[in-house]
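S.K.: As a plain string of letters, each chain reads:
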Amino acid sequence: SIMSYNGGVVIAMKGKGCVAIAADRRLGVRGHTVAMDFQKIFEMGPHLYVGLPGLATDTITVAQRLKFRLNMYELRENRRITPKTFASVVANLLYERRFGPYFVEPVIAGIDTKTGEPYICNTDLIGCLNEPDDFVVSGTCVEQAFGMCEALWEPDLEPLDLFETISQALVNAFDRDAMSGWGAVVHVIEKDKVTVRTVKTRMD
Amino acid sequence: MGDSQYSFSLTTFSPSGKLVQIEYALTAVGAGQTSLGIKASNGVVIATEKKLPSILVDENSVHKIQLITPNIGVAYSGMGPDSRVLVRKSRKQAQQYKRLYHEPIPLSQLVRETAAVMQEFTQSGGVRPFGVSLLVAGFDDNGPQLYQVDPSGSYFSWKASAIGKNVSNAKTFLEKRYTDDMELEDAIHTAILTLKEGFEGQISGKNIEIGIVDASRKFRVLTPAEVDDYLAEVE
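Taken in order, these protein sequences are the chains called U and V. Take the first sequence: its letter number 98 is residue 98 in full-length UniProt numbering, and every next letter is one higher. Take the second sequence: its letter number 197 is residue 197 in full-length UniProt numbering, and every next letter is one higher.
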């Protein structure tokens with residue numbers, strides 16, 4: 001299956017005035033692990049991040065094309081884009097390729113700097129938006145990730161607690177998946193700062 | 001735009017560095033019925049003369065001020081049919097923006113895109129510039145705004161402006177009367193007085209059109225009855 005050729009998983013969670021987005025670091029070619037430092041989460045603004053699990057070549061290309069559209073928006077409109085509007089841009093970019101899609105299923109996490117409102121969402125590979133209030137998951141171990149998030153997530157977690165929660169959810173989910181793992185990176189986005197941490201995990 | 005036989009532009013530079021076609025377009029605008037707009041602290045008003053060629057014309061069927069989005073309206077001076085083409089294009093651009101971003105288009109972006117269309121027609125093959133200047137009024141996240149767009153494609157944001165016949169008198173009048181803290185009601189009265197200055201004949205709700213947008217962000221054209229009420233207040 002194309003979506004599980006390279007492997008990988010991304011999850012995002014909402015907290016109290018903050019969001020967190022986390023991904024594994026593996027890049028594989030079917031069963032063969034080729035890299036343990038493959039970036040799947042990209043910064044699109046000081047408080048806006050997008051995770052792109054799926055086919056690695058599309059991860060890179062979609063990230064570049066999104067950045068292009070984002071830069072054009074910010075130059076034309078002379079303002080920062082909001083997470084909700086950015087999600088619409090992502091959906092539009094994916095639907096443009098409705099009959100020959102990019103094999104990524106993006107996860108978006110950010111904070112609207114005007115209102116301080118946290119925002120998460122994910123889309124399928126052809127741009128159908130899903131905007132829940134708790135958490136979003138995408139990748140080769142979604143079932144495991146859903147299970148972990150459902151069990152561990154609770155509303156209004158403070159940034160440090162959110163970090164612990166999302167890290168445990170991610171690590172224990174990808175430890176039950178052969179195609180994901182080999183390290184984890186977690187971004188915690190608050191109104192005034194972003195903290196990036198790499199998590200020590202089983203390297204298998 | 002234009003077929004292959006007309007792949008050259010009809011708008012070319014004169015030795016003095018002017019684009020004569022644009023100058024002529026501006027003359028066409030200057031011969032058109034007066035329109036004006038005033039930006040108040042809490043809204044924008046645009047008004048235009050609606051002189052019909054004969055008393056037999058059904059004035060209810062003529063709409064000079066038109067809506068582009070629920071919070072943006074436009075008035076014109078110059079050639080009516082040209083303005084209709086631009087209104088149609090602007091409406092489409094606003095909808096495309098909404099489809100892409102799921103957000104109403106900011107007024108400055110809409111004006112920029114409309115102006116770009118007008119500029120295209122000064123440089124493309126086989127077409128002539130638009131013979132209208134537009135006054136675009138709206139209320140968005142950046143507050144009330146009033147823009148003027150010319151046949152050349154240049155656009156300006158105004159506190160108060162007039163286009164068409166009688167501009168110099170109208171602008172002088174506006175300069176004297178405009179204050180930064182004017183409210184919408186005062187602006188409507190001032191707009192009516194300015195139109196009255198250069199009006200030939202008896203002014204009434206049937207031969208002028210007024211459009212307003214306030215903090216509710218709903219642009220609407222006043223009914224003739226409402227216009228008559230304002231006219232009575234101004235007397």
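For the record, the hints were derived by calculation from the structure and aren't laboratory data. Watch out, some of these pointers could steer you wrong.
SDA-like mimics (lysine to any residue), calculated; alpha carbons at most 20 Å apart, straight line [what the hints assert, rightly or not]: (1) U:K84 with V:H102; (2) V:K98 with U:A151; (3) V:K98 with U:L75.
S.K.: Against the structure, test the hints numbered earlier, and report the numbers of the ones violated in rising order.
M.R.: Hint 2 alone not satisfied by this model.
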